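Taken in sequence, the protein lines are chains A and B.
The opening residue of the first sequence carries number 617 in this note's numbering; numbering runs sequentially from there.
The opening residue of the second sequence carries number 8 in this note's numbering; numbering runs sequentially from there.
Treat the hints loosely; a few may be bogus.
[Claimed, not checked] Below are the PhoX-like pairs computed for lysine-lysine, each with C-alpha atoms no more than 20 Å apart in a straight line:
1) B:LYS122 - A:LYS709
2) B:LYS171 - B:LYS199
3) B:LYS88 - A:LYS709
4) B:LYS185 - A:LYS749
5) B:LYS88 - B:LYS156
Just so you know, these hints were derived from the structure itself, not from any lab.
All values reported here derive from a predicted model rather than from experimental measurement.
Residue strings, one per chain:
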Amino acid sequence: MKENPKKEQFRDTMEEGELVKDGFLGEDERPVDEIIAADQALLAGAGFTAERIGAAMRTLTRQGMAGMGEEVDAGEYLVKAEEYMGLIGCPFKDNHRAAKRNTTATRKSTGRAMMWTDLGIHLIQKHGFFQGKGSPYRLEPLELAAFLGLEAE
Amino acid sequence: MDFSIILRTVGSLALISGVLSVIISVAEKVLNNYGTCELDINEGQKKLSVQGGSSLLSTLAGEKIFIPSACGGKATCGLCKVQVLEGAGPLLPTEEPYISEQERADHVRLSCQIKVKGNMRLMIPEELFNIREFNCTLESITDMTYDIKRLRMKLPAGETINFKAGQFMQFYTKPYGKVKEEVFRAYSISSKASEHDYLELLIRLVPGGICTTYVHTALKEGDQVRLSGPYGDFYLRGDCEELIMIAGGSGLAPIRSLVYDVIEKGLPHKMRFFFGANTVRDLYYMEEFAQIEQEYPQFKFIPCVARPEPEDNWTGDTGFVTVALQNQVDTGEGKEAYLCGSPGMLDACIKILKEKGFTDQTIFYDKF
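Please take these sequences and the hints and turn them into a complete structure.
The following block contains the structure:
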């Protein structure tokens, strides 16, 4: 992940009602860089990186896309990728446009399910941003890493 | 420490920060004040004096010149292209993904991204001057499925609209809940092009979507709604014998309008409409299309359900719409394809169509 110490400048775009109804920050009042740094520290301490997590999420989403809205069997997981019309831009204004797609993955062995968007994958993989506390789409980094079955490095 | 010193210090700090805020606010007004700017459109055909400081897209909209945009000025759709011969400054990084080398040479810019900061010379296609704004009354809002609503809106008394079946409108929300500003999004018109005093849109709820949540939770019958349009180049070409129409979800909207257009104009084209749904509860307008099929033998309706439940007693095609397409369309010869749906469905269908001989010139779809 490339470091960018000025992500706070994008805070306005992340507020509720800007790009998405609920925004990306929830009730989190910490500067965006601080949110990212805190999550990154957690991950580093446990031997994970946001890039690896994002890549694993993307792999599951791609498997789910084959089902065109229907749940597909993806080995350890059941995955459903639901699509809507249109695209959404990245709040960090990096020119990335994500499909409006929601992926729900259910781990067969535990029954635990997690949901993310294509934009959420990009935010994690490229910006290390798991979203603010209280954001409906925030995923706790270590829980996500465990859910994805990643090995610590 | 003396309490009065603390008070004086706090007071001084408050005073300093107050003065600084005033300076910043004044500086902001001075620096961002671009004054009156002159816009020369189409080599002097139209000249506008506008207040600088806003995006070209919103400045033109303020002058009732509506440039197509599906994303509401967020630089994600790339539709709002305008030729700016002078006054736009260098290409911005946010524009780069949407502007080809040729367009760059032709001075094409994204009007949502460039600010009016001085005089500008623009070229705007004539047809965009026909795009108008309508303040309609929402006559009815109907649940078509659990996540799709139909809005039927009456145009103001005495006003009419002419559009080509398949085109779209921009729908403007009002501030609601924690959404403080108006936003707009593009939705295809589902009503008949022959109906000039009403407009219908089909709007599917997108989780977290600002505009669709507004429609699904805040909008009420009788409300005033603002629209502009018509926009877009998704309309019937008809240089063929048969039209293959493919839609999923709210993508049914422009196809419905197209089907009626062909019928009402008495065009000779055969039509096959493949409508994909995941479950039976995702289907709608079933009776209406069945009725059209009965009355007009040139039209065939093929709803496909990926996962019908036994209790649905589903007797139609089972499986993805791609399967029906693969099995039931033999070749692209003599055919044009019109598609509307989610990007994944479009990609999968276009791949199959191309394998069957359809080309970029015979496949039509909106890219938003």
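Results for each hint:
For the given pair, B:LYS122 sits about 17 Å from A:LYS709 by alpha-carbon distance, which is consistent with the 20 Å threshold. Distance check on the hinted pair: B:LYS171 and B:LYS199 sit about 9 Å apart at the alpha-carbon level, within 20 Å; holds. Note on B:LYS88 and A:LYS709: the hinted pairing holds, with a Cα-Cα distance of about 19 Å set against a maximum of 20 Å. Between B:LYS185 and A:LYS749 the CA atoms are separated by roughly 18 Å; this keeps the pair inside 20 Å, and the hint holds.
Between B:LYS88 and B:LYS156 the alpha-carbon distance is near 31 Å, which puts this suggested pair outside the 20 Å criterion.
Going through the hint list in order, the structure does not satisfy hint 5, though it satisfies all others.
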